[in-house]
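J.: Taken in order, these protein sequences are the chains called C and E. Each number in my numbering corresponds to the 1-based position in the first sequence with 38 added. Each number in my numbering corresponds to the 1-based position in the second sequence with 368 added.
Worth flagging that the hints you see were computed from the coordinates, not collected in a lab. No experiment lies behind these values; they were computed from the predicted model shown. It is possible that part of the hints are untrue.
Simulated coverage check for chain E against chain C, where a stretch passes if three residues somewhere in it have a Cβ under 8 angstroms from a Cβ of chain C [as the list claims (entries may be wrong)]:
hint, segment
1, 382-391
2, 398-412
3, 415-428
4, 727-733
Backbone N, C-alpha and C fix where the C-beta goes; we use that ideal spot for every residue, glycine too.
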Amino acid sequence: MEIDPFIFRLSIFVLSIFVGYYVVWSVTPSLHTPLMSVTNAISSVIIVGAIVAASSLSSDVGFELYNMFGLAAIVLAAINIFGGFLVTQRMLKMYKKKKKVK
Amino acid sequence: MTPNLAASLYLISGVLFILALRGLSSPETSRQGNFFGILGMALAITVTFLSVDILFSGFIFIICALAIGGSIGAIIAHKISMTAMPQLVAGFHSLVGLAAVLVALSAFYNPEAFGLGTFNNIKTASLIEMSIGTSIGAITFTGSVIAFSKLQGLMSSAAITFKGQHFINLLIGIGIVSLITYITINQNSHIFWLLIISSFLVGVLLIIPIGGADMPVVISMLNSYSGWAAAGIGFTLENTALIITGALVGSSGAILSYIMCKGMNRSFFSVILGGFGGTDSALQKNKDRKPVKSGNAEDAAFLMKNASSVIIVPGYGMAVAQAQHVLREMADNLKKHGVKVSYAVHPVAGRMPGHMNVLLAEANVPYDEVFEQENINSDFANTDVAFVIGANDVTNPVAKTDPQSPIYGMPILDVEKAKSILFVKRSLSPGYAGIDNELFYRDNTLMLFEDAKKMTEEIVKNLD
Chain C
39 MEIDPFIFRL
49 SIFVLSIFVG
59 YYVVWSVTPS
69 LHTPLMSVTN
79 AISSVIIVGA
89 IVAASSLSSD
99 VGFELYNMFG
109 LAAIVLAAIN
119 IFGGFLVTQR
129 MLKMYKKKKK
139 VK
Chain E
369 MTPNLAASLY
379 LISGVLFILA
389 LRGLSSPETS
399 RQGNFFGILG
409 MALAITVTFL
419 SVDILFSGFI
429 FIICALAIGG
439 SIGAIIAHKI
449 SMTAMPQLVA
459 GFHSLVGLAA
469 VLVALSAFYN
479 PEAFGLGTFN
489 NIKTASLIEM
499 SIGTSIGAIT
509 FTGSVIAFSK
519 LQGLMSSAAI
529 TFKGQHFINL
539 LIGIGIVSLI
549 TYITINQNSH
559 IFWLLIISSF
569 LVGVLLIIPI
579 GGADMPVVIS
589 MLNSYSGWAA
599 AGIGFTLENT
609 ALIITGALVG
619 SSGAILSYIM
629 CKGMNRSFFS
639 VILGGFGGTD
649 SALQKNKDRK
659 PVKSGNAEDA
669 AFLMKNASSV
679 IIVPGYGMAV
689 AQAQHVLREM
699 ADNLKKHGVK
709 VSYAVHPVAG
719 RMPGHMNVLL
729 AEANVPYDEV
739 FEQENINSDF
749 ANTDVAFVIG
759 ANDVTNPVAK
769 TDPQSPIYGM
779 PILDVEKAKS
789 ILFVKRSLSP
799 GYAGIDNELF
809 YRDNTLMLFE
819 DAKKMTEEIV
829 KNLD
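Generate the whole structure from the sequences, applying the supplied hints.
T.: Dropping the structure here:
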């Protein structure tokens with residue numbers, strides 16, 4: 039009997055949880071706020087689903103409700119992607135080391 | 369693009385996201401990490417564009433949607449103040465949740481586009497994944513909206529509780545499970561909407577009983593939920609990048625919730641069940657007011673100038689008063705007098721994990737002068753002055769001595785061991801936990817009753 043592809047995805051999922059567990063524990067506590075904003079940004083990779091939803095436009099019928107859902111989801115995810123990465127960058131720029139002069 | 373190539377590229381983008389989080393293990397590598405994240409996102413979006421059959425008109429609409437969302441996001445990221453980070457993150461979580469719901473709805477009405485079967489004839493496994501993802505997404509959405517409103521002050525941050533609350537939650541929870549079961553048997557779009565609406569309701573009911581003091585846990589928890597929602601949709605769309613990311617974000621949020629709970633000495637369940645942060649716990653044990661020594665900026669400046677080491681303990685009160693910049697000025701001034709200055713940050717010192725560190729970094733405090741609790745606690749005993757500004761409960765020694773105290777067992781900063789203690793505080797009022805701090809009445813404590821910013825400015829003047 040062939041293995042259901044679902045099992046492969048489940049394996050990826052479970053292993054990623056473990057990767058996430060160890061990677062996140064190694065994040066220094068002083069960067070926990072940037073961690074939250076960057077996880078916010080990357081979870082918006084859900085935009086790939088939104089693009090598929092919006093692009094399934096049929097030329098004869100024009101826009102369907104599900105295309106609108108897709109487009110709305112693209113706007114929301116894009117806010118998150120740009121907002122999340124940029125605010126993270128802004129925060130990380132502020133972290134400076136002690137100057138050794140004087 | 370062939371599906372196999374697309375899937376391999378999605379995998380690479382998932383790996384780039386892992387590297388993005390890995391980069392945050394130290395400030396030096398963090399910017400590179402963020403760059404990996406951006407790269408991973410760009411790759412995922414490009415691959416998607418190349419693998420869909422798309423009409424030119426549709427492409428234009430999508431680019432417009434991207435541009436609109438992107439500009440809004442960029443403007444927000446540019447304008448937001450660092451004190452407002454908690455509400456910003458809560459707001460962003462709500463968007464992820466809503467996007468998950470919208471994508472699922474779209475997949476429900478048009479499963480052909482995603483290769484899930486046809487309308488009213490979707491594969492059972494996909495339906496289950498879709499319903500779970502939608503439900504978590506919807507809970508994340510309304511929950512984050514409530515958290516946002518509480519943090520932004522649009523609604524009272526006090527816990528809202530009523531009789532039978534947990535029973536109602538349980539009932540709706542059972543309802544959601546039954547609805548999901550029903551959907552898998554009978555693909556009815558009305559039921560799908562009903563599922564979304566009841567999940568919206570749960571999101572609201574779940575967050576309103578949680579008080580303002582527990583917000584760090586709530587934000588981390590919603591972070592986790594947004595990840596699980598993304599993973600659920602990832603299973604539906606059979607997209608590796610989304611599954612990996614969802615798992616990463618889900619576990620990241622869960623770990624942060626755990627760290628926050630530990631920092632406040634609260635069990636996760638007691639936070640979820642809510643009710644904390646109200647006023648009813650403010651039962652004062654020692655009604656007889658012992659005498660306190662209060663001083664002025666001059667005394668404080670004299671004391672610190674002549675010290676050889678000072679540890680600054682900032683709390684949320686400091687952030688509210690926007691005193692971080694003048695505080696750094698004070699520290700610079702002290703350093704000129706040859707005083708060794710460091711900062712001690714408690715895990716729950718802000719309104720979200722790591723919030724205080726960002727605020728200090730914004731005020732140009734070098735990150736190697738800022739220490740976590742476990743790294744600095746042993747230094748207090750060899751320190752001349754502990755300067756506590758806007759913090760209270762996290763310094764209270766009853767957490768170690770009095771098993772009856774609500775904060776007993778909470779990890780605290782050992783401020784009491786310093787030779788002298790300065791407290792900048794408006795009054796003797798208790799902190800969030802509603803308990804008196806015996807440190808106020810010690811002989812080596814000097815209370816500075818004033819707004820944090822004003823007092824620090826005064827001290828700076830007196831140091832010159």
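J.: The structure should be examined with respect to each hint, and the outcome stated for every one.
T.: Hint check results:
1. For the segment 382-391 of chain E, the stated coverage by chain C is satisfied: 6 residues place a CB nearer than 8 angstroms to a CB of that chain, which reaches the threshold of 3.
2. Counting residues of the segment 398-412 of chain E whose beta-carbon sits less than 8 angstroms from any beta-carbon of chain C gives 9, enough to reach three: the coverage restraint holds.
3. Against chain C, the segment 415-428 of chain E contributes 10 residues with a C-beta closer than 8 angstroms to a partner C-beta. That satisfies the three-residue criterion, and the hint holds.
4. A stretch counts as covered by a chain when three or more of its residues have a beta carbon under 8 angstroms from one of that chain; for the segment 727-733 of chain E and chain C the count is 3, and the coverage holds.
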